[in-house]
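Trainee: Below are the chains, spelled out letter by letter.
Number of protein chains: 2
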Amino acid sequence: MNAEIIAIGSELLTPFRQDTNSLHVTGKLNELGIAVDFKTVVGDRLSDLVTVAHSAFSRADIIVFMGGLGPTEDDLTREAVAEALGLGLNRDPEICEWLRNLFASRGYQMAENNLRQADVVQGAEVLKNSRGTAPGQFLQAPFEGKNKIVMLLPGPPHEILPMFDDQCMERLKKIVPVHYMATRVLKVAMIGESQVDRRAAPIYKPHTDVQTTILAHGGEVQLHLRAQAESLEEAQRKVDSVVSKLEDEFDDSVFSAQGETLEQIVGYYLQMRGASLAVAESCTGGMLAQRITSVSGSSRYFLGGAVVYDNSIKSMLTEVPPLMIKEHGAVSKQVAAALAEGIREGCKASFGIGITGIAGPTGGTDEKPVGLVYHGLADGNETQVIERRFPGDRERIRYWATTQALDMLRRKLM
Amino acid sequence: MNAEIIAIGSELLTPFRQDTNSLHVTGKLNELGIAVDFKTVVGDRLSDLVTVAHSAFSRADIIVFMGGLGPTEDDLTREAVAEALGLGLNRDPEICEWLRNLFASRGYQMAENNLRQADVVQGAEVLKNSRGTAPGQFLQAPFEGKNKIVMLLPGPPHEILPMFDDQCMERLKKIVPVHYMATRVLKVAMIGESQVDRRAAPIYKPHTDVQTTILAHGGEVQLHLRAQAESLEEAQRKVDSVVSKLEDEFDDSVFSAQGETLEQIVGYYLQMRGASLAVAESCTGGMLAQRITSVSGSSRYFLGGAVVYDNSIKSMLTEVPPLMIKEHGAVSKQVAAALAEGIREGCKASFGIGITGIAGPTGGTDEKPVGLVYHGLADGNETQVIERRFPGDRERIRYWATTQALDMLRRKLM
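Each protein sequence line maps, in turn, to chains R and A.
Residue 308 in my numbering sits at position 308 of the first sequence; the count goes up by one each step and never skips.
Residue 114 in my numbering sits at position 114 of the second sequence; the count goes up by one each step and never skips.
Treat each hint with caution, since some may be false.
Identical copies carry no separate label here, and so any pair may be met within one copy or between two of them.
As the list claims (entries may be wrong) - Computed list of lysine to aspartate or glutamate pairs in DMTMM-like fashion (alpha-carbon distance at most 25 Å, straight line): (1) 174 / 387; (2) 412 / 248; (3) 245 / 61; (4) 333 / 197; (5) 28 / 61; (6) 348 / 165; (7) 173 / 382.
Honestly, the hints are just simulated from the structure, not real lab data.
Only chain R is shown next, with the shape it has when bound in the complex (with noise of 0.2 Å):
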């Protein structure tokens, strides 16, 4: 069975909004086993929404239209749908009474139009929406001959996505055939996007009953498997015996099989080893100390940071001595050991990071490019640096690097 999603909305057709329902509700379909084959965004037309739904119900099973479904005259959704379909219309008195009472417990007089949210596409059974004035409808009818499913849905994502759940899901559980599906997420570090396909390609294409997709961002590459069977455990079983053989492929580039980011991933670690950790950020300006403590809980490993902008803050904060500065350069190998160094014994850390580089798009020169990065790991024994060019805009080089730092404690801390 396969499913077409229709987002409805002039707003969704503007160079300022996008619909993001359809992300979940395409993932909860697939749980059952249903593929999206289509996505369309159309306005408030009835002509337009009438199209639309037309083309929709010629190519899909399944078919959720969302949004329109409001009290003004340009939420024309139940009507483009009973067009198309060849039905009728009903005003349910239930609903009406629904309304009157809504209104009346919030102390307002209901405009009559609200009453068009109660018009009920002939034989829909209505959903409720705990949230919102405009119910939703769910149905099965013909169209060309083949049964249809048909649900109509409010657009506002606190609306559309609990009716989804609680009352879509256990409809079509009863509709379609049972299947079951097993997911597992691999997350690998600092590889490229086309190394990580060219080397996973031979392991996962020869799979034709897993589905894998890879996604990249940032210096991090996700493998996301998907398998269906008639158990659960048949699923999770062809799933595993893939991500294993990628697992084995990978290695220690593989930071992450259960969905788990970088940054917790760092966290546990040194939370395991009762150690603390404390950077020093040039380039990156405080983007690494925001990953780390985008983690809730992460005071109990992160001490803190210096963000040494300034020539003269890398000395006052860190303790690197001018002379070195100058004499290397503050994109530097040495300036990067140096912060790590002295973060480290500043905030009395078990590990300091230091980095340094040149994110652009200006202050590059050929011998230090924009994209050069340092990156510095002191521990009190030993100081590690990697230096790394990379590609891209001044977010992208950023946001590179402070992968590239979480990587290297995190290598050194396995």
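Following the hints, position chain A against chain R.
Mentor: Below, chain A without anything else, positioned relative to chain R:
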């Protein structure tokens, strides 16, 4: 004239990935007075692609295909468009040679399947791709008796966005009737979205020729205004008249009228004054410094900062007296002020900001709940502290707190 944007790729039908190119392309088309009436996402199956292309050609004047132009057998956009328009595909010898040279210059042997990227729909102009191997295509062709403008563009954002801006826009400008469009963005800090809308609606609603969109994020509300007219002056006049009324209404809560970010505005003011800034952050953990340093050139006014996560570090890096922390607690008015003063003095900056609070989800008490944040601002003469209670989750509280701190400094500098 209206447009449909079609994003192609099975990964865009997973719960993990979303088309974002269409937002940029929509903005550019809107500049030419072209409304986007439909957006569609479709996978890599040829029959699905042809179906979607057919629907699009029958309901839109301008059709933008994004993705599916690569070398693999899953890249079928060229075939689908040719089939839907009833046109042939010709292998272009110039592109073949360009591809061979491109691979040779990188020291690779070219796999033969790369030549699929040289297949051009009959009558199409080739659009150069300076950042990838898949050229774009631009053509005008009849469909059911009407002229259609069709673009085939690559999927990766760093390939499609410059190609659209540099090559598609100039071609479109020659074809579509001229409309002039003026836009303005007003940004307001630290007022809730519903309050902004309540105050702004009576002002913009009567101007039906100006389109207004309100967006909110992390303590900032944006009012996007847009108008079209026969001349640029006329369009600008329409927008400006609404903008000036909105500026009167929101007064000094408006921090930007040309789209600048809050961190850019603070940077301008600091530079204008020849002043410098240092920050000490507890609950925001580096996020404030990271936002400030996200602006290229921020090294001219930002000296550095301390992330004082552990209490001992508060005393060490910013000289907050341990007794003060004991007496008032780390999350207190006094500590916020001491952090601001300590970092200002330590870094010899004109201004010092200190933030301390409870970002949650744990660590709150009845007296000091999750979301309580103190923001201190010291200038050497006086130290101001603002107490706020922010709603939401950890990331949202942290972001609001950094916005409040930046806005506090902005008001001081005004």
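Trainee: Could you work out which earlier hints the structure fails to respect and list their numbers in ascending sequence?
Mentor: 1, 3, 4, 6 and 7
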